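Participant: For the record, the sequence lines run as chains A and U. For the first sequence, counting from 1, position 203 maps to 202 in numbering that gives the first Met the number 0; every step adds exactly one. For the second sequence, counting from 1, position 288 maps to 287 in numbering that gives the first Met the number 0; every step adds exactly one.
In short, the hints are calculated from the structure, not lab data. Wrong hints could be hidden among the right ones.
Take a look, some chain U residues computed to stay more than 12 Å from chain A by CB distance [said to hold, decoys possible]:
no.	residue
1	E127
2	K159
3	L205
4	P206
One side of the interface only, derived from the structure: several residues of chain U facing chain A at Cβ under 10 Å [as the list claims (entries may be wrong)]:
no.	residue
5	L107
6	A169
7	A170
8	A173
9	L174
10	V249
11	G284
Note that the structure is a prediction, hence the values are computed from the model and not measured. Built from N, CA and C at the ideal position, the CB exists for glycine as well.
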Amino acid sequence: MTTPSRPSLPLLKNPWIAPLLALVIAYGVVPFLSGSYVFDAILTPFLVLSLAGVGLNLLTGYTGQLSLGSAAFMAVGAFAAFNFNLRIPGLPLVASILLAGASAALIGIVFGLPSLRLKGFYLAVSTLAIQFFVQWALTKFGWFSNNSPSGVIDAPPLHVLGISFDSAVGRYLFTLTIVTILTALSWRLVTTRTGHHFIAVRDHELAAKVLGVPILRTKLLAFGLSSFIIGVAGALWAFAYLRTVESAGFNLDRSFQIVFIIIIGGLATIRGSFLGAALIVVFPLILSRLGSFLLGNIFNSGVLEMSQRIVLGTLIILFLIAEPNGLAALLERLKRRIPLLS
Amino acid sequence: MPTWAWYKKNKTNKFIVMSDFDWLFFSEVLVGGLLAGVMYSLVAIGFVLVYKTSGVFNFAQGSMVLFAALTFVSLVERGVSFPLALMATFALMTLLGLTIERTVLRPLVNQPPITLFMATLGLSYIIEGGAQLLWGAQVHGLELGIDDTPLEISGMLISKFDLIAAGISAAMVALLTAFFRYTRIGLSFRAAADDTLAALTIGLKLPRIWGAVWAAAGLVSIVAGLLWGARLGVQFSLSLVVLKALPVLVLGGFDSILGVIIGGLLIGALEKVSEVYIGPFFGGGIETWFAYVIALAFLLIRPAGLFGQKLIERA
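Chain U extracted, bound-state conformation (with noise of 0.2 Å):
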């Protein structure tokens, strides 16, 4: 398949160059980096949540996705079926999710975002310690019963895996969101991210929300660690996808579900068409920065990001 770089070596002119631009191989990088894109927003999702409600910005969540799915792996390795490994691992989640809140995060309420910020920053340490000392630092695969053979779509070769992850984490969104506009709980959770004090004069418990919330991200990492390590494999490395996810946040807002959806499609299809198209004359390897210039040169036109609040500066 022609590159730029294979023009650039082979001097075509240019008007051949256009002429001859290979749209199908362009729809296949295309359509491969919405659907990464998909996978950034998943973990990106889990981050919103929090910041939404509580204004904590959880570094942790990462090692939350490694986390659950090293547990998720662990214990299908060691023949729990897998329903059942699915609830014990949401089982766990929720109660470190409950924990955190009762142990770190209660006790610094009212200290300023950066403080909270450390705070989970240390907690990330203390996951990932705790996950690899408890299951062991090996790689795992996991397997998930998808088979990742490329189908073909008018023409195009599309991973069927990555179809089903994105149709995954769709209906992921979809259920979120339905939670936030029709349950009662769902709506509380709104009331306390659009006006703290307000929420509690009504008799909101606020602990209780965080609480549940901090679940709820347990419940995001779980999806998120089983895609991701399906791809990946289940080891260290896999709590590094949340430096994947902070671009897609940075560009869509960190209290804007939306926003982050639609970041993560933007960063996916921008970070493969550009490390397909320029990469080569950088001689690759761009994809660990590409996302956070992406992010920063929007901000710097249009400060107010995708869908965050109308704010003229990014505070």
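So that you can see chain A by itself, here it is in the shape it has in the complex (with noise of 0.2 Å):
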């Protein structure tokens, strides 16, 4: 139009249209289509898994060391932000919830010392320390739970600046909000320098090294940073969606599913962490239905159980062979089918 000897753009082709689009939807659209079971058990847990994914994809996407202690970090985060906000009265919510996720970064930090030492599978061997250490710590020292008999403690109301986020949507708004800022934060730190010296001791520490990457300090931030995210999503996990803190859940299958999602979604991608994270979250309640759809009461708990770990199993080794690049680079060849995408 104005400047013909530039080619404009095709609008649809602008990075930043995706992204906008599903916000714009997110707090427009959805909020008041459907009843509180979907916020409740599909949309607030997809979105928690989706800022765990996107923490670990820093750590073993971006940075190439592969933690198989997630489950550890979330669980810092949680009973850290139910400590703070019970021992420090009148600390915001919001405050508690990232003094959680500074507290999960330094263990994060002293966890990621290791890996100056020890690659690859050594390191995510290592890794399960924490995984174990974490959940023996908080079942053993009473302190952290408050002295609760049972280890389960209510978590607080969502409350910031005196507005209330105790409904189902209203926690889906909190959750999202946090994980949208997040998301936009790591969004933006990939492109940046400190990305490009992620990036650059995942593909060729030693070149890494020779360029002038500071290799310590690089591991150390993205354990602190990815430790950081994860321990937020943590404290929403027990906050916003079990609204109870217990450590039970954070066991080293949650730490597994965080794993699946970024490989399924694509590692190395912030996108893939929520596509991941969404074929995880909806897949079980798909299998369920489905399962008891077909073959009636045969299908009891047990059995469903078993049939989804091997479902799982199986698509995650389908998902492999077919698109290791996961279901980012899934999309983007559809995209490029579509004519008016590409």
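Mind assembling these two chains? They're in different frames, but the hints should get you there.
Facilitator: Right under this line is the structure:
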């Protein structure tokens, strides 16, 4: 039009369009659509797991350090948020959630130290240490759970600046806002110099060292930031989704679940974490509906759990074989097929 | 029997503590730990076999242990005789190994190690789910006909079962060593592990070797499954023995059978001793993570591990 010499970018190809559109729908349309079940059972856990996926992706996808202890950082986040909220009266909820993230980051940095010496699977196995240690410490020392006899504590109500977020939609919006902010920051981060340092360390550590990338600082920063985000996700998991704080849910299976999310979604993509989390959250629901519909009463909870494991395992292997770069790459390929988008 | 906690409580003089230290009890704990360590190595050896030859970190080893034990015990419960059940289980594990190689690993050849690891993680979900769907999720007792009466050796009480289990493990390691050293297929395993490209060049059929390795890992998991199953009962938690084997692997090196044996002994002994003498200070239950801390602390001092390749960094 006014500048015919420069071919204008097609509107839909702008990288900002898809996330903005998603946000507009998430804030403007979704809250008016469905019943509370959809928010409590699907949307809120989906958002929290996506955030955890984004956090792990910074560490594993971008920096190349495989961690199998994500659930431990979630647990640290959840219990730290609970304790900050409990022991410092008058501390705003958001502040205790952020402090919880900072606590997780601190522990992440400490447990990131071995990454300087250990690589690959040796590191991955070492991250299991934190998984078991944190779970042990949280159940062993009553102080963390304020000496609650069952180890299960009710989460405090969600109040921010006098506004209550204690309805299903409220919890969803609360989660959505925090997830959006942290995701946007991560999205920015990976395009900065620091983000490039992450990728350089992943792709060739020696070359990165030669080029002057501070390996120690980069790795510890990745561990810290990733743990911060995962810690906040843990606090949200306890406060906004489960509404109880307990260590049992933050077990090894949860850690693997988050690893699955980023593998299925796609390593080193932010949107992959969301796609992977969507699949992981929705798929068991579909399977249980499908199972009870097809097989009726034979499909008891035991059989359901086993077949869920089998289908999940099969799905992962199929994904790895068919599309090792995950759902994000699949989406990219689909987009190229549609002429309007390419 | 006096422990450190007891001495602390009674405010005993340190000098008296030393002379009063119950060495007999200590050696009993130590030997018990060493024997438990052999059981850890047993699971770890299955990892080493697969990792050494194909570079796959096989997380499904634990679920294979569960599958083997569950199959065996279910067959025996259905009236199949002991040797027949053993043979049937071995046949099934071989079949499983070959199937895994053909359907999961071959399509993923040349993928980065993390992808292969993820695939075995998926595999462990499938095998765990499948085993329990097939044979049921209830707990089975497994009676191997070894009585578990304590044996008295120079004043120490040692579990007979643990001794026999250690003996069986030692026999298996000897068998594996002989196999790797003297048989044609064993040598080709080592060739493939040493230099994949060179092995291909001289005409070794890598897929066949990998299939055989997975079958061998299946055999190891039968032995591990039966011994662990007799100890813990055959149930879902049996697949968690994999978590006991991982620190042993980190300590001993993913590619060294000798390493994981010594690593297993070391971790077993340290774990038991610390559980008895240090554990009470923490209120017990430290065994879930203590082995990992031992392995980590050791590697921070000596990054090359016990017997792994002498690299500056573990890669």
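Participant: Each hint needs a verdict: does it hold in this structure or not?
Facilitator: Here is what the structure says about each hint:
Residue placement check: E127 of chain U does not keep its beta carbon more than 12 Å from all beta carbons of chain A (closest about 6 Å). Non-interface call for K159 of chain U relative to chain A: holds, since the shortest CB-CB distance, roughly 31 Å, exceeds 12 Å. Every CB of chain A is more than 12 Å from the CB of L205 of chain U (nearest about 18 Å), matching its label as outside the interface. Residue placement check: P206 of chain U keeps its beta carbon more than 12 Å from all beta carbons of chain A (closest about 16 Å).
A least Cβ separation of about 6 Å between L107 of chain U and chain A falls short of the 10 Å threshold, and the interface hint therefore holds. Against a cut-off of 10 Å between C-beta atoms, the interface hint on A169 of chain U is violated, since the closest Cβ of chain A lies about 26 Å away. With a least beta-carbon distance of about 28 Å to chain A, the hint placing A170 of chain U at the interface is violated under the 10 Å criterion. With a least beta-carbon distance of about 28 Å to chain A, the hint placing A173 of chain U at the interface is violated under the 10 Å criterion.
Taken as an interface hint, L174 of chain U does not check out: its beta carbon lies about 27 Å from the nearest beta carbon of chain A, beyond 10 Å. The interface hint given for V249 of chain U holds, since its Cβ lies 5 Å from the closest Cβ of chain A, which is under the 10 Å cut-off. With 10 Å as the threshold, the beta carbon of G284 of chain U comes within range of chain A, its nearest partner Cβ sitting at about 6 Å, so the hint holds.
This entry does not satisfy hints 1, 6, 7, 8, 9, going by the numbered hints stated previously.
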